[in-house]
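Novice: As a plain string of letters, each chain reads:
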Amino acid sequence: MFYRQAGDFKTSYRGDIQTFPLKQDRIGYYLVLAIAFLVVPFLLNDYWVSAVILPFLIFAIAALGLNILTGYCGQVSLGTGGFMAVGAYACYKLMTAFPEMNMFVVVLGSGIVTAAVGLLFGIPSLRIKGFYLAVATLAAQFFLVWLFNKVPWFYNYSASGQINAPERLMMGFAITGPNASPAARYLFCLVILVALAVVARNLTRGRVGRSWMAIRDMDIAAEIIGVNPLKTKLSAFAVSSFFVGVAGALFFSVYLGAVEVTEAFGINQSFLVLFMIIIGGLGSIFGSFAGAAFLVLMPVLLKNIMVGGLGWPTDIAAHIEFIIVGGLIVLFLIAEPHGLAQLWRIAKEKLLLWPFPH
Amino acid sequence: MVSRSDARAVDPGSELLRVDNISLSFGGVKALTDVSFDILRGEVRAIIGPNGAGKSSMLNVINGFYHPQEGEVWFAGEKRRNPKPHNIAYQGIARTFQNIALFKGMSTLDNIMTGRFTHMNQNLLMQALWRGPAEREEIANREKAEEIIDFLEIQAIRKTPVGRLPYGLQKRVELGRALAAEPELLLLDEPMAGMNVEEKEDMSRFILDVKDEFGTTIALIEHDMGVVMDISDRVVVLDYGKKIGDGTPQQVRSDQTVIDAYLGVAHDE
Ligand SMILES: Nc1ncnc2c1ncn2[C@@H]1O[C@H](COP(=O)(O)OP(=O)(O)O)[C@@H](O)[C@H]1O
Ligand SMILES: [Mg+2]
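Residue numbers (the numbering used here), protein chains in the order written: chain A, 1 to 358; chain B, 1001 to 1269.
Among these hints, one or two may not hold up.
Far from chain A by the CB rule (all over 12 Å, computed), these chain B residues [claimed, not checked]:
| # | residue |
| --- | --- |
| 1 | G1027 |
| 2 | K1030 |
| 3 | T1033 |
| 4 | L1125 |
| 5 | K1211 |
| 6 | M1225 |
| 7 | I1244 |
| 8 | T1248 |
| 9 | I1259 |
Here chain B is said to cover these stretches of chain A; the calculated rule only asks that three of the stretch's residues, wherever they fall, bring their Cβ under 8 Å from a Cβ of chain B [unchecked claim]:
| # | region |
| --- | --- |
| 10 | 202-208 |
| 11 | 214-220 |
| 12 | 225-235 |
Derived PhoX-like pairs: lysine-lysine, alpha-carbon spacing no greater than 25 Å straight-line [to be verified]:
| # | chain 1 | residue 1 | chain 2 | residue 2 |
| --- | --- | --- | --- | --- |
| 13 | B | K1159 | A | K348 |
| 14 | A | K129 | B | K1159 |
| 15 | A | K23 | B | K1030 |
| 16 | B | K1104 | A | K348 |
| 17 | B | K1084 | A | K231 |
| 18 | B | K1104 | B | K1084 |
| 19 | B | K1144 | B | K1159 |
| 20 | A | K350 | B | K1104 |
| 21 | A | K231 | B | K1104 |
| 22 | A | K350 | B | K1159 |
Treat the hints as calculated values from the structure; they're not laboratory data. The model shown is predicted, which means the values in this text are computed figures rather than measured ones. The beta-carbon is built from N, C-alpha and C at its ideal position, and this holds for glycine as well.
Start from the sequences and build out the full structure, keeping to the hints where you can.
Specialist: Right, dumping it as structure tokens:
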């Protein structure tokens, strides 16, 4: 069977604006969802969940968030790690203050708190742009990490300065704490990721998304069309921070379980998520997934090949990994600013015409 | 409240916009000095003058990018007090730019849909849910956008990223984006600059059709005197920031001050 548009005509605007206009794509999407929910949980083991699957799911949420701000609205941020920390600490405070609170509500609440903080740090974006805004968000990154280290209230005055996620159940299954099973942790994160991906798609396909892109592409033209620059940028900061905060909450509670802020949410995380959306594709939902998958999987693969397969020392392997990631980022920035998502699109366009390209 | 089209139908030929004694300077540079004129509902009002005469600055005053040091702007019978450009869009003024200012990362359709911004109001939460009001609003506005696309005969490039379009088509898409707002007053800053004869004819036809079919009032900056004579009802002439002529194309063309100041230099740009 061919990958085809023919015979799949759009007779309504509703048909034309749906997420997957092509029938094959739609089927593919539902198939992926079915496998993710019904098959994958039975194949999981601890190693895969910890090394690949959970980081992928969680970083995909963070990448979606940063992509909204940077890819769609054009506001560069180096504060992702700091905002993940806000989500993590909000999550910790909520879990410990309200032990009975449903974990979905906790995660949602963490996102909302982070959105409010993001809103605050977004205010300078009306006056400062580009490089200077990046520096301002970098300042936010260091300030937030410093704050969570410095103020004992945030870590409930624990002696270690760490925060630890207590055990919480969801429909009788532990999803946090030492007794949480790989499948339960996976499913909890998956549900949230799928829901947020749909939200991201909905926001970016309509009025709000167009106003973000308008500000990104040509802010004066956006204004004469009625787009209020401050409101629009702030909405991007808020929504983006919500996603990033949710990612931070999950990273802390479901993935790591115990967090020391400098280590878990340092500047490295900010760059990692930024690299994900650059490699995956700025301004693309699919690209956020592709970038997260790529940067989570690649180190694992490289390590398995170089250390496990070839027997190289780990530090050399780590250096080679840096070189490869750095090289790829430069390559993508120069050759394909729209990242893996664009390569995928081009491949599909070719496939639509195959085998008769003219 | 009277809707825009009703107001137009009731009162063609009445004053839509008036600028009174506008003076605008940037540091030492006087861009506009004591300029006054009006624009009547339903007319094509040309603003002409040599490069640097202050034509674009005048449009920037009208749509709120520049705030003049002196003078008043009256729109639809009300005096304006330093509004922001995005508020002015809601009052019914749209424009195109001298240098194309399209949203380069978006398709033709998305550019035109963005032009519908003032007609859409579903909030973030409704947008996130999509199903229901947000989707209905999107579809209703999509129909309007498609009308504009048909009107400008750009169906074939509907899904093309505008950055890939040739210059002439980009100008047309920018007109489409402004029209999508269904403005009462449309400001066009050199819509035909850099076009060949055929493209200019197309654009002239679109401008006249906009006036006739939608009843839109148009302020037009244009260098090509032939075009100005053909499609405008009245002409304002600026030179070094001052108004030196105002009247029908025939009056302006035969005015000696205008001939000396402007028409003489129009051909050696
Ligand atoms: N933002 C600005 N800053 C400084 N000078 C400006 C600015 N905008 C316009 N000017 C000056 O105002 C004068 C009129 O410019 P403009 O309105 O663009 O003329 P036109 O559109 O008739 O060619 C020019 O001398 C120009 O340099
Ligand atoms: Mg000009």
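Novice: Does each hint fit the structure? Answer for all of them.
Specialist: To see whether the hints hold, each was checked on the structure:
{"no.": "1", "hint": "G1027", "in the structure": "holds, 21 Å"}
{"no.": "2", "hint": "K1030", "in the structure": "holds, 23 Å"}
{"no.": "3", "hint": "T1033", "in the structure": "holds, 25 Å"}
{"no.": "4", "hint": "L1125", "in the structure": "violated, 10 Å"}
{"no.": "5", "hint": "K1211", "in the structure": "holds, 20 Å"}
{"no.": "6", "hint": "M1225", "in the structure": "holds, 28 Å"}
{"no.": "7", "hint": "I1244", "in the structure": "holds, 28 Å"}
{"no.": "8", "hint": "T1248", "in the structure": "holds, 30 Å"}
{"no.": "9", "hint": "I1259", "in the structure": "holds, 34 Å"}
{"no.": "10", "hint": "202-208", "in the structure": "holds (count 6)"}
{"no.": "11", "hint": "214-220", "in the structure": "holds (count 5)"}
{"no.": "12", "hint": "225-235", "in the structure": "holds (count 6)"}
{"no.": "13", "hint": "K1159(B) <-> K348(A)", "in the structure": "holds, 16 Å"}
{"no.": "14", "hint": "K129(A) <-> K1159(B)", "in the structure": "violated, 30 Å"}
{"no.": "15", "hint": "K23(A) <-> K1030(B)", "in the structure": "violated, 61 Å"}
{"no.": "16", "hint": "K1104(B) <-> K348(A)", "in the structure": "holds, 23 Å"}
{"no.": "17", "hint": "K1084(B) <-> K231(A)", "in the structure": "holds, 13 Å"}
{"no.": "18", "hint": "K1104(B) <-> K1084(B)", "in the structure": "holds, 24 Å"}
{"no.": "19", "hint": "K1144(B) <-> K1159(B)", "in the structure": "holds, 16 Å"}
{"no.": "20", "hint": "K350(A) <-> K1104(B)", "in the structure": "holds, 24 Å"}
{"no.": "21", "hint": "K231(A) <-> K1104(B)", "in the structure": "holds, 22 Å"}
{"no.": "22", "hint": "K350(A) <-> K1159(B)", "in the structure": "holds, 17 Å"}
When each numbered hint is compared with the structure, violations occur for hints 4, 14 and 15.
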